[in-house]
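Colleague: What follows is the residue order along each chain.
There are 2 protein chains.
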Amino acid sequence: MSHPLFEKHRATLDRALQAIADRGYWSPYPESASPKVYGEGAAEAGKAAYEATLGKPFPIELPGAVGRVGGERSPYGIDLGVTYPKVDLDRLFAGVVEAQRGWRAAGPEAWVGVCLEALARINRASFEIANAVMHTSGQAFMMAFQAGGPHAQDRGLEAVAYAWDEMRRIPASARWEKPQGKGDPIRMEKHFRVVPRGVGLVIGCSTFPTWNGYPGLFASLATGNAVVVKPHPGATLPLAITVKIVREVLTEAGFDPNVVTLVAHAAGDDTAQKLALRPEVRLIDFTGSSANGNWLEEHAHQAQVYTEKAGVNQVIVDSTSDLPAVARNVAFSLSLYTGQMCTAPQNIYVPRDGIATAEGRRSFDEVAKAITEGVQKLLGDPARAVEVLGAVQNRGVLDRIDKARSLGPILLDATAVPHPQYPQAAIRTPLIVKLDAGDGDKYLSEWFGPIAFVIATDSTDQSLAIARDAVKRHGALTLSLYSTDAKVVDRAIDVAEDAGVALSINLTGGVFVNQSAAFSDFHGTGANPAANAALTDAAFVASRFRVVQHRRHV
Amino acid sequence: MSHPLFEKHRATLDRALQAIADRGYWSPYPESASPKVYGEGAAEAGKAAYEATLGKPFPIELPGAVGRVGGERSPYGIDLGVTYPKVDLDRLFAGVVEAQRGWRAAGPEAWVGVCLEALARINRASFEIANAVMHTSGQAFMMAFQAGGPHAQDRGLEAVAYAWDEMRRIPASARWEKPQGKGDPIRMEKHFRVVPRGVGLVIGCSTFPTWNGYPGLFASLATGNAVVVKPHPGATLPLAITVKIVREVLTEAGFDPNVVTLVAHAAGDDTAQKLALRPEVRLIDFTGSSANGNWLEEHAHQAQVYTEKAGVNQVIVDSTSDLPAVARNVAFSLSLYTGQMCTAPQNIYVPRDGIATAEGRRSFDEVAKAITEGVQKLLGDPARAVEVLGAVQNRGVLDRIDKARSLGPILLDATAVPHPQYPQAAIRTPLIVKLDAGDGDKYLSEWFGPIAFVIATDSTDQSLAIARDAVKRHGALTLSLYSTDAKVVDRAIDVAEDAGVALSINLTGGVFVNQSAAFSDFHGTGANPAANAALTDAAFVASRFRVVQHRRHV
Numbered sequence: 001m002s003h004p005l006f007e008k009h010r011a012t013l014d015r016a017l018q019a020i021a022d023r024g025y026w027s028p029y030p031e032s033a034s035p036k037v038y039g040e041g042a043a044e045a046g047k048a049a050y051e052a053t054l055g056k057p058f059p060i061e062l063p064g065a066v067g068r069v070g071g072e073r074s075p076y077g078i079d080l081g082v083t084y085p086k087v088d089l090d091r092l093f094a095g096v097v098e099a100q101r102g103w104r105a106a107g108p109e110a111w112v113g114v115c116l117e118a119l120a121r122i123n124r125a126s127f128e129i130a131n132a133v134m135h136t137s138g139q140a141f142m143m144a145f146q147a148g149g150p151h152a153q154d155r156g157l158e159a160v161a162y163a164w165d166e167m168r169r170i171p172a173s174a175r176w177e178k179p180q181g182k183g184d185p186i187r188m189e190k191h192f193r194v195v196p197r198g199v200g201l202v203i204g205c206s207t208f209p210t211w212n213g214y215p216g217l218f219a220s221l222a223t224g225n226a227v228v229v230k231p232h233p234g235a236t237l238p239l240a241i242t243v244k245i246v247r248e249v250l251t252e253a254g255f256d257p258n259v260v261t262l263v264a265h266a267a268g269d270d271t272a273q274k275l276a277l278r279p280e281v282r283l284i285d286f287t288g289s290s291a292n293g294n295w296l297e298e299h300a301h302q303a304q305v306y307t308e309k310a311g312v313n314q315v316i317v318d319s320t321s322d323l324p325a326v327a328r329n330v331a332f333s334l335s336l337y338t339g340q341m342c343t344a345p346q347n348i349y350v351p352r353d354g355i356a357t358a359e360g361r362r363s364f365d366e367v368a369k370a371i372t373e374g375v376q377k378l379l380g381d382p383a384r385a386v387e388v389l390g391a392v393q394n395r396g397v398l399d400r401i402d403k404a405r406s407l408g409p410i411l412l413d414a415t416a417v418p419h420p421q422y423p424q425a426a427i428r429t430p431l432i433v434k435l436d437a438g439d440g441d442k443y444l445s446e447w448f449g450p451i452a453f454v455i456a457t458d459s460t461d462q463s464l465a466i467a468r469d470a471v472k473r474h475g476a477l478t479l480s481l482y483s484t485d486a487k488v489v490d491r492a493i494d495v496a497e498d499a500g501v502a503l504s505i506n507l508t509g510g511v512f513v514n515q516s517a518a519f520s521d522f523h524g525t526g527a528n529p530a531a532n533a534a535l536t537d538a539a540f541v542a543s544r545f546r547v548v549q550h551r552r553h554v
Numbered sequence: 001m002s003h004p005l006f007e008k009h010r011a012t013l014d015r016a017l018q019a020i021a022d023r024g025y026w027s028p029y030p031e032s033a034s035p036k037v038y039g040e041g042a043a044e045a046g047k048a049a050y051e052a053t054l055g056k057p058f059p060i061e062l063p064g065a066v067g068r069v070g071g072e073r074s075p076y077g078i079d080l081g082v083t084y085p086k087v088d089l090d091r092l093f094a095g096v097v098e099a100q101r102g103w104r105a106a107g108p109e110a111w112v113g114v115c116l117e118a119l120a121r122i123n124r125a126s127f128e129i130a131n132a133v134m135h136t137s138g139q140a141f142m143m144a145f146q147a148g149g150p151h152a153q154d155r156g157l158e159a160v161a162y163a164w165d166e167m168r169r170i171p172a173s174a175r176w177e178k179p180q181g182k183g184d185p186i187r188m189e190k191h192f193r194v195v196p197r198g199v200g201l202v203i204g205c206s207t208f209p210t211w212n213g214y215p216g217l218f219a220s221l222a223t224g225n226a227v228v229v230k231p232h233p234g235a236t237l238p239l240a241i242t243v244k245i246v247r248e249v250l251t252e253a254g255f256d257p258n259v260v261t262l263v264a265h266a267a268g269d270d271t272a273q274k275l276a277l278r279p280e281v282r283l284i285d286f287t288g289s290s291a292n293g294n295w296l297e298e299h300a301h302q303a304q305v306y307t308e309k310a311g312v313n314q315v316i317v318d319s320t321s322d323l324p325a326v327a328r329n330v331a332f333s334l335s336l337y338t339g340q341m342c343t344a345p346q347n348i349y350v351p352r353d354g355i356a357t358a359e360g361r362r363s364f365d366e367v368a369k370a371i372t373e374g375v376q377k378l379l380g381d382p383a384r385a386v387e388v389l390g391a392v393q394n395r396g397v398l399d400r401i402d403k404a405r406s407l408g409p410i411l412l413d414a415t416a417v418p419h420p421q422y423p424q425a426a427i428r429t430p431l432i433v434k435l436d437a438g439d440g441d442k443y444l445s446e447w448f449g450p451i452a453f454v455i456a457t458d459s460t461d462q463s464l465a466i467a468r469d470a471v472k473r474h475g476a477l478t479l480s481l482y483s484t485d486a487k488v489v490d491r492a493i494d495v496a497e498d499a500g501v502a503l504s505i506n507l508t509g510g511v512f513v514n515q516s517a518a519f520s521d522f523h524g525t526g527a528n529p530a531a532n533a534a535l536t537d538a539a540f541v542a543s544r545f546r547v548v549q550h551r552r553h554v
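In the order they appear, the protein sequences are chains A and B.
Sequence positions in the first sequence follow the numbering used here and run 1 to 554.
Sequence positions in the second sequence follow the numbering used here and run 1 to 554.
One thing to keep in mind: the hints can contain errors.
Chain B side only, calculated, beta carbon under 8 Å to chain A, not exhaustive [what the hints assert, rightly or not]:
(1) 8
(2) 10
(3) 88
(4) 292
(5) 295
(6) 297
(7) 422
(8) 496
(9) 500
(10) 505
(11) 526
(12) 537
Dumping the calculated PhoX-like pairs for lysine-lysine here, alpha-carbon to alpha-carbon at most 20 Å [stated by the list, open to error]:
(13) B:36 - A:182
(14) A:56 - A:86
(15) A:47 - A:244
(16) B:244 - B:86
(17) A:36 - B:36
(18) B:86 - B:274
A few chain A positions that, by computed beta-carbon distances, are all more than 10 Å from chain B [stated by the list, open to error]:
(19) 141
(20) 169
(21) 353
(22) 436
(23) 474
(24) 539
(25) 542
No lab work stands behind these hints, which were simulated from the structure alone.
Glycine included, each C-beta is placed from N, C-alpha and C at the ideal position.
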């Protein structure tokens with residue numbers, strides 16, 4: 001029997017199923033923040049809704065609340081002043097386990113229907129969430145809107161579509177008739193029930209709390225699991241708003257809202273570890289450091305663990321017909337959100353004897369200069385620069401910039417940019433340092449933030465060899481190549497497929513290597529140390545449910 | 001571009017895809033050992049082929065061979081005298097890594113085509129393999145033929161079908177066109193390549209070397225991984241023959257045979273652990289003890305680990321319209337292959353105040369007696385008994401029988417049955433002991449072998465409560481219910497779905513709770529401690545490959 005919310009959103013789901021099958025462009029949630037799309041006054045209303053949450057207890061009631069916790073401070077220099085329930089985990093999980101019963105029994109169409117309705121409502125709250133993402137991650141508003149709103153919702157819907165695509169293939173029942181020679185066949189009827197694994201735990205990050213959080217949240221929820229959301233202490237509000245909306249939908253649909261709960265906590269405590277080792281937790285979705293991700297993979301044996309961790313993203317410059325366009329594209333990739341993206345490039349390999357371009361040979365220094373000038377040009381106007389850069393999310397990024405300055409000759413120093421509205425925001429342009437292929441000890445680890453290295457190599461062959469090895473040993477989410485030589489392109493494809501990293505070739509237009517589009521790009525491969533899973537594919541959802549059968553003769 | 005072996009077996013694959021979708025009865029490999037099916041002389045030729053392997057070095061050449069290892073002894077009392085290469089693991093893996101290159105590049109249709117051809121040839125070797133299974137596992141011949149031959153091949157094909165079903169959904173390429181308002185859309189072409197995880201390790205067991213080994217072997221191979229097969233030291237020959245056939249197919253298809261290799265080893269050494277922790281190994285399929293399975297889950301972090309471990313299988317007797325039929329069915333399940341099946345029932349719960357039957361109320365003792373008499377009747381004729389019981393696989397089973405005798409009042413003692421042809425075989429009828437619901441410390445662990453307990457409970461409600469708790473805490477592959485009460489059946493279904501175990505209801509005919517049919521029954525649920533995976537579902541295959549993409553503007 002179908003569920004009304006499933007029927008309501010059936011057309012969206014069907015279109016999403018088509019999208020994951022053909023992987024062309026599709027997005028149901030408009031990325032344009034225009035009033036023509038989201039309605040007159042939507043932006044203002046969303047901002048007002050966000051501001052109304054500030055300086056107050058966040059309106060969510062959870063089992064086991066034993067106090068309040070808070071302390072988020074906007075990278076733009078404002079204390080949010082929001083507090084959340086601090087929960088006793090034993091009592092919280094008692095409530096979750098209670099809530100699981102009805103949810104577990106509801107079946108795939110109800111699970112998926114509730115997810116689709118929640119995503120539709122989250123989409124309507126895009127402006128509120130955008131402000132919350134901006135003032136926790138430090139992203140500039142338009143990026144916070146797009147990446148934290150519709151693009152994150154796309155990733156959530158993608159996970160729901162994959163989950164449904166796997167679950168729908170389990171028949172509800174089967175008739176089994178085994179021939180017995182001349183005798184009557186043995187006849188049985190079998191029934192197959194999709195059951196969830198248990199409780200899913202989503203561990204959020206501070207830079208993309210919704211974009212990285214929604215795939216795991218909706219993949220687990222759509223397969224019948226309860227979900228405990230543990231946001232980063234510095235970026236709790238976007239996920240708190242999300243959880244609140246999902247709980248409202250659950251309640252209206254007749255379910256216990258504790259199917260989805262929030263565990264806010266203070267920075268530096270051991271809440272994540274405690275949650276991860278709870279026996280009820282059978283699925284964990286994590287985005288964050290390699291140290292924490294590896295800890296989960298090694299210790300949370302009771303759970304299936306999906307991690308996205310650190311990596312070393314690389315650009316190989318071999319040759320180009322349009323060096324200025326290469327420089328513009330790379331400059332934007334380095335600058336966007338101050339390089340605080342898991343997909344942002346860090347190492348740019350250029351042969352030390354230069355490259356071929358349409359205008360003839362360009363030396364290593366000329367190529368490096370084109371890139372640094374590209375950055376300067378992009379960020380020359382402070383008013384425009386702050387909309388590209390956003391703000392530095394945390395102190396660690398500033399420290400890292402300082403440390404990186406001593407790694408080698410500085411091609412372009414990081415400089416502070418004043419924000420016209422938010423004077424307290426720490427805003428930095430990228431630091432670009434020159435290194436040599438032999439400096440692997442410096443460039444073969446992740447320098448998260450606006451830190452890039454232009455690295456002189458003996459040849460493109462060496463660039464490819466270094467890139468292959470770096471992906472295999474240190475992980476990567478992206479690899480980028482610029483080459484006009486079809487043989488080099490083929491070799492780079494071989495390297496990417498061997499090392500297991502997504503490759504972008506000759507990006508000189510309006511697509512950047514940091515960008516990954518739902519329904520089309522697999523974000524991460526799960527095939528190198530930067531991530532053990534991809535967003536989203538069948539492997540990301542298929543282990544989140546099990547099938548239990550019963551059979552009898554007929 | 002398709003592969004000739006893929007095209008050759010396309011119809012079989014398509015039919016298998018239909019079978020996993022509707023999960024009705026289907027088998028491409030006939031379970032009848034009749035000459036009408038397998039050809040005149042096939043049985044004799046297979047036996048001769050088996051006998052020709054005895055007392056000799058097994059004909060397989062492997063990288064890193066540094067000596068020979070052997071020592072299999074048939075449970076029917078014959079030393080097989082077969083020796084296998086003992087390999088240096090570093091050198092073996094150097095060969096495997098070398099072999100991987102061409103295999104990895106060949107793509108899904110070649111991987112699947114080679115698997116399908118290998119399965120077809122394995123099917124033709126069913127009689128040879130049946131003899132090898134019989135003389136390693138101790139199964140009687142007909143069971144060794146069916147379970148070790150066609151039924152195992154079914155399970156292998158099922159895994160290939162699931163693997164293909166997941167891989168075929170990844171488009172080779174996509175065109176991505178993102179609208180840009182009034183401007184030209186951004187156009188990209190994207191290419192998606194399915195790549196394997198690395199090396200799969202299959203750790204075989206001594207009781208069902210092929211049936212439990214083929215799913216992992218073929219799931220990993222069909223997704224492009226190299227596979228290292230590590231058989232149980234007591235049951236190496238069936239998998240050695242299998243590996244030899246797969247290597248022949250690989251060679252004929254132009255691949256390096258070291259895509260599939262064999263690591264035979266001496267009992268009690270640490271070969272399994274050493275293999276499991278090798279960095280090249282990214283997939284492990286294990287069947288065996290909970291201690292070893294849990295060790296793998298906790299230590300082999302570099303790999304995705306699929307385990308089938310110990311459990312406590314249970315029968316709940318509530319009421320019946322045909323007590324003799326219940327007794328016959330249960331008796332056969334207890335006796336088949338001397339209870340040495342991961343699916344064999346162990347605990348039989350009967351209310352202490354008896355049950356309702358078509359002939360009126362029957363006391364606990366009458367129900368227990370019906371079962372013990374069912375066993376006696378089934379096994380009364382020694383010539384027939386040995387064909388049901390097979391032989392005890394190892395000394396541990398005999399020791400366990402001795403130990404179990406002191407657990408409570410013996411309802412039916414295990415007795416030795418002489419084998420007319422194999423006087424040295426240890427053949428035992430089931431031991432049936434009476435216990436009380438309060439004796440959980442005795443019956444709530446696995447007593448692998450022909451050991452069953454008839455357990456007096458306060459009521460069917462208590463039986464269900466014990467069963468639920470036992471599955472959740474100790475795991476189970478099967479649960480069986482006998483009841484004429486629709487409400488009890490519904491409650492048992494609830495228990496099964498909550499605890500995550502397959503339920504068989506009122507089996508009184510030719511189907512037994514120990515039997516699990518490929519393409520229809522999910523073997524194991526992955527939802528309780530007895531197994532972390534099911535044979536076979538999408539979750540069993542989806543994580544065995546990854547997708548690597550490249551994209552560029554068009």
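Colleague: Take the hints in turn and mark each one as holding or not.
Modeller: Here's how the hints hold up against the structure:
1. 8: At 26 Å from the nearest chain A Cβ, residue 8 of chain B fails the 8 Å test, so the hint is violated.
2. 10: Result: violated, 21 Å to nearest chain A Cβ.
3. 88: 24 Å, violated
4. 292: Where the cut-off is 8 Å and the nearest Cβ of chain A is about 14 Å from residue 292 of chain B, the hint is violated.
5. 295: 11 Å, violated
6. 297: 5 Å, holds
7. 422: 30 Å, violated
8. 496: With Cβ-Cβ at 6 Å, under 8 Å, it holds.
9. 500: Cβ of residue 500 of chain B sits 6 Å from chain A, so the hint holds.
10. 505: Holds, about 4 Å.
11. 526: 5 Å, holds
12. 537: Where the cut-off is 8 Å and the nearest Cβ of chain A is about 6 Å from residue 537 of chain B, the hint holds.
13. B:36 - A:182: 15 Å, holds
14. A:56 - A:86: Since the Cα atoms of residue 56 of chain A and residue 86 of chain A sit roughly 14 Å apart, the hinted pair holds (cutoff 20 Å).
15. A:47 - A:244: 17 Å, holds
16. B:244 - B:86: 16 Å, holds
17. A:36 - B:36: Cα-Cα ~75 Å, so violated.
18. B:86 - B:274: 14 Å, holds
19. 141: 20 Å, holds
20. 169: Given a closest Cβ separation of 7 Å, the condition is violated.
21. 353: Since the minimum Cβ distance to chain B is about 26 Å, residue 353 of chain A lies beyond 10 Å and the statement holds.
22. 436: The assertion about residue 436 of chain A holds, with a minimum of 28 Å to chain B.
23. 474: The claim stands: residue 474 of chain A keeps its Cβ more than 10 Å from every Cβ of chain B (closest is about 15 Å).
24. 539: 4 Å, violated
25. 542: With a cut-off of 10 Å, residue 542 of chain A comes too close to chain B, as the shortest Cβ separation is near 4 Å.
Hint compliance for this structure: hints 1, 2, 3, 4, 5, 7, 17, 20, 24 and 25 are broken, all remaining hints hold.
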